[in-house]
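K.L.:
In case you want the letters, here they are:
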Amino acid sequence: MSRNSTALDQNPSALVLAMKRVRAVAVDVLLITLMVVMVDFLTVVFSGRRGPTGLLVSPEESLDLLHYGWAFVAALTLAILWQSTSGLVGPSPGQSLVMSQKEPVHLPWNQTLRGWFAVLLIEITLFTGWLITEVQLVTFLTQFSKAADIVSGLLNPSSTVLHQGLVLLVQTIFLAFMATAFAIPVAFVLSFFAARNLTRGTRLSRLTYTFVRAGMNFTRAVEPLVWALIFISWVGIGPFAGVLALWVHSIAALVKLYSEQIENIDLGPVDAITATGASTLQVLRYGVVPQVIPPFLSFTIYRWDINVRMSTIIGFVGGGGIGYILKPRVDLGQWGEVGTLVLLIAVTVWIMDILSARIREKII
Amino acid sequence: MSSEVAEASTSNMAVRVENLSKVFPGGIVALDDVSIEVYPGEFVVVVGLSGSGKSTLLRCINRLEDPTAGRIWISGREITDSEGADLRALRTRIGMIFQQFNLIRRHSVLINVLSGSLGRAPLINSLFVRFTEEERVRAQTSLERVGLGDRGASRADALSGGQQQRVAIARALMQRPELILADEPVASLDPALRHSVMRQIESLNQQEGMTVLCTLHDIDLIERYASRVIALRDGQVVYEGKPERFDAATFRQIYGEDAEPSSHLDR
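Note that the protein sequences, when read in sequence, are chains E and L.
Note that my numbering numbers the first sequence so that position 240 is 275, with each residue one more than the last.
Note that my numbering numbers the second sequence so that position 173 is 275, with each residue one more than the last.
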């Protein structure tokens with residue numbers, strides 16, 4: 036029971052304000068460092084400097100030649116200077132983003148330092164990005180003929196692979212279905228521990244919340260392709276490895292969606308059931324579950340839909356399904372057969388998309 | 103008063119609250135040293151502005167909120183620190199009615215009434231929504247009592263507001279409580295329907311002998327139903343007495359100088 040509240044709870048303003056100041060400076064330092072480093076990058080690339088091989092330095096190589104330390108020091112100086120003179124030149128980006136400081140009157144962007152800074156930052160970022168990703172507009176516009184074979188193959192699908200494709204398409208759909216079905220019970224149970232509004236009671240429940248949330252965020256951050264590689268070494272090449280890879284990823288994704296639904300429920304029925312003397316499980320069963328079943332169903336169908344798309348890619352690395360026979364044909368340049376398989380996938384995804392949207396509309 | 107006398111008088115009371123305070127995280131003081139006593143069979147109405155602490159007071163009594171300081175007794179037993187099975191057993195003896203009815207919208211009316219028996223039902227059966235024949239019969243009787251005997255199979259959200267509140271009363275009745283906490287039971291209802299719901303609560307008080315602690319806004323309802331009035335302002339008790347003495351001056355004292363009591367009080 037929380038019987039003692041500290042002075043900090045009562046009067047948080049001083050500490051909160053200090054924290055905001057620090058965050059505002061951090062944001063400014065980050066943005067100004069970015070700007071200075073990119074200007075440095077452009078200077079190096081256009082300086083005509085030559086590398087050890089005697090050729091002009093490439094954008095990639097020049098990343099190693101920048102003055103990151105100096106940029107940071109300069110940015111720190113500029114950020115502090117800007118914030119201390121903000122009465123004169125207007126609030127800095129950090130002050131505006133973190134502390135919601137604005138000019139007393141509304142000014143168009145080109146009359147504030149912040150506006151000029153933002154526009155300049157975006158333009159320099161575009162320019163830097165152009166060089167780093169080696170954009171070649173001329174090649175793109177003149178060299179299409181080299182890819183014409185592929186496009187004509189895709190437009191003239193060959194029928195030789197149709198039968199095998201259809202068989203593996205069935206496998207793909209079931210693969211996605213099994214992954215989703217296995218994920219439901221696990222995600223259902225975990226989602227209650229990952230819902231903020233149900234885990235405020237005790238220290239243990241708050242700890243469980245943090246733990247489950249962190250675990251699921253990590254699991255979701257790892258691409259299904261990587262999970263597939265792990266499970267292929269575990270259970271061998273084939274559709275079961277694909278099922279497991281999508282299963283793990285689906286659990287993490289469904290826990291997020293489910294728990295957000297739980298966080299959005301009306302707490303009134305929860306209070307009412309608690310007030311009858313019901314136990315925690317009964318409160319969940321009567322106060323929470325009836326409210327979340329329709330959105331849970333909707334998200335689960337959506338997840339199945341997503342898993343069908345994902346299982347194509349999973350197949351590329353050996354996780355079963357239609358992707359498994361697509362990869363070698365891409366490598367060998369059998370574009371007609373690739374065309375057939377791509378068409379099969381596209382039609383399936385299209386149908387799944389329509390069906391799942393229709394069903395979800397009816398549920399909610 | 104010696105402690106022995108205090109214990110003896112406490113055991114006569116349906117509810118006794120002593121020096122109760124509740125401070126919410128963030129520093130909002132909802133209750134500030136509140137002491138009240140409710141005797142068995144009373145119909146006590148708590149009045150006050152929104153935010154005066156009425157709801158918090160009710161929610162502390164069945165421990166939906168944990169008080170920051172002070173003590174609470176129900177029928178002579180201190181429950182301030184009750185936990186687990188003890189707390190649940192206490193709650194089964196207290197029925198609660200809410201402003202927003204708080205029914206399980208997607209379940210049938212009968213299941214909603216049956217949910218009043220969850221505190222005494224075996225866990226596994228209740229998780230599969232299985233109830234005994236005896237409980238079903240009692241639920242049906244409760245429904246008939248509030249005049250909804252034929253609506254048991256309807257979905258709860260298919261009913262009108264007044265009907266939903268009567269289902270909530272049937273749910274409380276299912277608990278066979280000795281105390282009813284009613285938090286603004288008619289505030290979200292059409293004025294024409296208020297008396298039908300209030301009369302149901304009154305009949306629990308007069309025919310079943312249940313003690314009622316009820317928050318209300320409407321001065322007509324206070325005069326008509328209350329046996330005693332307690333008024334809160336800024337989390338403190340500012341008035342306590344018979345509803346007849348609750349006049350326009352008292353009303354302004356509680357609700358502030360700008361408040362407008364209903365017309366007949368000024369006449």
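A hint or two may mislead.
[Unchecked claim] Partial list, computed: chain E residues near chain L (C-beta under 7 angstroms):
1) G83
2) P87
3) G312
4) A313
5) R320
[Claimed, not checked] Non-contacting residues of chain E with respect to chain L, defined by C-beta distances greater than 10 angstroms in every case (computed):
6) V60
7) F81
8) G86
9) T243
10) N252
11) I328
12) F351
Calculated from the structure, these hints are not laboratory results.
A quick note: this is a predicted structure, and the numbers were derived from the prediction, not measured.
Beta carbons are placed, not taken as given, at the ideal position from N, Cα and C, and that holds for glycine.
K.L.:
All hints are to be evaluated individually against the structure, with a verdict given for each.
P.N.:
Hint check results:
1. For G83(E), the suggested interface contact is broken, since its CB lies about 62 angstroms from the closest CB of chain L, more than 7 angstroms.
2. Given hint, P87(E) at the interface with chain L, is violated; its Cβ is 62 angstroms from that chain's nearest Cβ, farther than 7 angstroms.
3. Interface hint status for G312(E): upheld, as the beta-carbon distance to the closest one in chain L is roughly 3 angstroms, under 7 angstroms.
4. The interface hint given for A313(E) holds, since its Cβ lies 4 angstroms from the closest Cβ of chain L, which is under the 7 angstroms cut-off.
5. Because the beta carbon of R320(E) sits about 5 angstroms from the nearest beta carbon in chain L, less than 7 angstroms, this interface hint is met.
6. For V60(E), the shortest C-beta to C-beta distance to chain L comes to about 27 angstroms, beyond the 10 angstroms cut-off, and the non-interface label holds.
7. No beta-carbon of chain L comes within 10 angstroms of the beta-carbon of F81(E); the shortest separation is about 55 angstroms.
8. G86(E), annotated as away from the interface, keeps every beta carbon of chain L farther than 10 angstroms; the closest lies near 60 angstroms.
9. Every C-beta of chain L lies more than 10 angstroms from that of T243(E), the closest at about 19 angstroms, which supports listing it as non-interface.
10. With a cut of 10 angstroms on Cβ distances, N252(E) stays outside the contact zone with chain L, its closest approach being about 26 angstroms.
11. Here I328(E) does not stay apart from chain L, with its beta-carbon only about 8 angstroms from theirs, under the 10 angstroms limit.
12. The claim that F351(E) lies off the interface holds: its Cβ sits roughly 43 angstroms from the closest Cβ of chain L, which is beyond the 10 angstroms cut-off.
Consistency note: the structure conflicts with the earlier hints numbered 1, 2 and 11.
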